[in-house]
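Using the sequences and the accompanying hints, generate a full structural model.
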Amino acid sequence: MLDSIFDDVKRMNKRQFIYQVLSFGMIVSSALMIWKGLMVVTGSESPIVVVLSGSMEPAFHRGDLLFLTNYPEEPVRVGEIVVFKVEGRDIPIVHRVLKLHEKNNGTVKFLTKGDNNSVDDRGLYAQGQLWLTKKDVVGRARGFLPYVGMVTIYMNEYPKFKFAVLACLAMYVLVHRE
Amino acid sequence: MYSVLTRGNAILTYTLSVLACLTFLCFLSTLTVDYRTAAQMNTVKVVVKNVPDYGASRERNDLGFLTFDLKTDLSHLFNWNVKQLFLYLTAEYITPNNELNQVVLWDKIILRGENAILDFKNMNTKYYFWDDGNGLKGHSNVTLTLSWNIIPNAGLLPNIQAIGQHSFKFPTDYTQTRV
Numbered sequence: 001m002l003d004s005i006f007d008d009v010k011r012m013n014k015r016q017f018i019y020q021v022l023s024f025g026m027i028v029s030s031a032l033m034i035w036k037g038l039m040v041v042t043g044s045e046s047p048i049v050v051v052l053s054g055s056m057e058p059a060f061h062r063g064d065l066l067f068l069t070n071y072p073e074e075p076v077r078v079g080e081i082v083v084f085k086v087e088g089r090d091i092p093i094v095h096r097v098l099k100l101h102e103k104n105n106g107t108v109k110f111l112t113k114g115d116n117n118s119v120d121d122r123g124l125y126a127q128g129q130l131w132l133t134k135k136d137v138v139g140r141a142r143g144f145l146p147y148v149g150m151v152t153i154y155m156n157e158y159p160k161f162k163f164a165v166l167a168c169l170a171m172y173v174l175v176h177r178e
Numbered sequence: 001m002y003s004v005l006t007r008g009n010a011i012l013t014y015t016l017s018v019l020a021c022l023t024f025l026c027f028l029s030t031l032t033v034d035y036r037t038a039a040q041m042n043t044v045k046v047v048v049k050n051v052p053d054y055g056a057s058r059e060r061n062d063l064g065f066l067t068f069d070l071k072t073d074l075s076h077l078f079n080w081n082v083k084q085l086f087l088y089l090t091a092e093y094i095t096p097n098n099e100l101n102q103v104v105l106w107d108k109i110i111l112r113g114e115n116a117i118l119d120f121k122n123m124n125t126k127y128y129f130w131d132d133g134n135g136l137k138g139h140s141n142v143t144l145t146l147s148w149n150i151i152p153n154a155g156l157l158p159n160i161q162a163i164g165q166h167s168f169k170f171p172t173d174y175t176q177t178r179v
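Quick mapping for you: the protein sequence lines, in order, are chains H and S. No gaps in the numbering here: position 99 of the first sequence is 99 in the UniProt record's numbering, and each next residue is one more. No gaps in the numbering here: position 48 of the second sequence is 48 in the UniProt record's numbering, and each next residue is one more.
Quick caveat, the hints were computed from the structure, so don't treat them as lab data. It cannot be assumed that every hint is accurate.
For each label pair, taking beta carbons as the anchor points, the in silico distance ranges come out as [stated by the list, open to error]: (1) W35(H) with S17(S): 41 to 47 Å; (2) E59(S) with Q127(H): 34 to 40 Å; (3) L169(H) with N115(S): 47 to 53 Å; (4) L166(H) with I94(S): 21 to 27 Å; (5) G54(H) with R178(S): 23 to 29 Å; (6) V175(H) with V33(S): 46 to 52 Å; (7) R178(S) with Q127(H): 54 to 60 Å; (8) S17(S) with S23(H): 19 to 25 Å; (9) F163(H) with L19(S): 22 to 28 Å.
Since we're looking at a predicted model, the values are computed, not measured. Where is the CB? At the ideal position from N, CA and C, for every residue including glycine.
Okay, here's the thing in structure tokens:
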């Protein structure tokens with residue numbers, strides 16, 4: 001198997017090799033463009049998130065994928081699932097809006113809670129923070145796809161697995177010929 | 001070129017594309033379903049107190065207490081792409097402080113296969129009805145609505161409001177006794 005791969009590489013001439021490198025670059029850049037394009041279309045800085053905790057069970061389990069939008073003209077309302085960032089925590093949290101107060105000048109403050117948690121999220125917020133506002137929100141959950149995010153969870157937990165997958169993909173793209 | 005690797009690769013690719021295709025068809029098949037339905041609700045006992053909110057600002061805020069009746073049949077909302085319903089009962093009202101207040105008083109998770117015919121009498125709320133200030137005493141128009149968030153096996157996550165709502169008043173005096 002490996003021998004045949006190296007034979008393939010040896011038999012390549014310069015032009016073919018450059019072609020393979022370019023097609024590899026093409027794949028990487030189109031993946032980046034799709035991600036950035038989604039950011040523009042959805043208005044969210046992170047249009048797709050992986051659920052990392054069980055705090056929304058049984059609706060969302062660890063490894064499920066959520067598609068977010070964050071249009072400024074769409075108001076936040078109670079019962080929606082928001083993804084928000086809290087100062088001092090790297091990982092965004094996916095929870096449901098429990099209470100909401102909107103002032104006449106359009107400022108909104110709201111409180112969230114995980115479906116599977118028995119108390120609201122005030123203990124998770126930054127020290128002294130009682131409410132979330134619009135600027136904390138990364139996006140609102142609009143679509144759901146189960147299990148698919150498990151791959152990224154495994155990659156983050158086992159870096160060796162990540163490098164192996166990346167190496168295999170790069171090898172395949174560089175060497176594979178029609 | 002028939003090695004274990006190429007065959008494994010072919011089987012894996014084929015399985016994944018069939019699964020992806022079926023999931024997408026499952027999503028398409030329930031895209032146009034109308035998930036609205038009727039619900040009847042009513043308040044039984046309504047009182048309001050003025051107590052310090054130690055969970056938040058520690059100021060004296062209005063705290064409403066109520067018990068409610070709820071009757072609805074949601075069993076026909078379940079289809080093959082509905083994994084769970086998340087029901088929530090919302091109180092919505094306007095105060096001089098805020099042009100919109102929404103407080104969830106009660107919620108319930110119904111998984112597929114569980115009983116979805118609800119008939120509650122004189123239920124207590126699950127969450128405290130704190131106002132953001134002192135706007136509940138004597139409030140003449142608080143609206144109760146029931147809504148549900150549909151959790152699919154794969155697809156959109158719509159929030160649907162039930163047809164039918166209930167408006168109620170708060171008493172004009174604070175209750176001093178324990179509730």
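Results for each hint:
no.	hint	result
1	W35(H) with S17(S): 41 to 47 Å	22 Å, violated
2	E59(S) with Q127(H): 34 to 40 Å	19 Å, violated
3	L169(H) with N115(S): 47 to 53 Å	48 Å, holds
4	L166(H) with I94(S): 21 to 27 Å	55 Å, violated
5	G54(H) with R178(S): 23 to 29 Å	37 Å, violated
6	V175(H) with V33(S): 46 to 52 Å	48 Å, holds
7	R178(S) with Q127(H): 54 to 60 Å	33 Å, violated
8	S17(S) with S23(H): 19 to 25 Å	21 Å, holds
9	F163(H) with L19(S): 22 to 28 Å	27 Å, holds
Hints 1, 2, 4, 5 and 7 from the list above are not met by this structure, while the remaining hints are.
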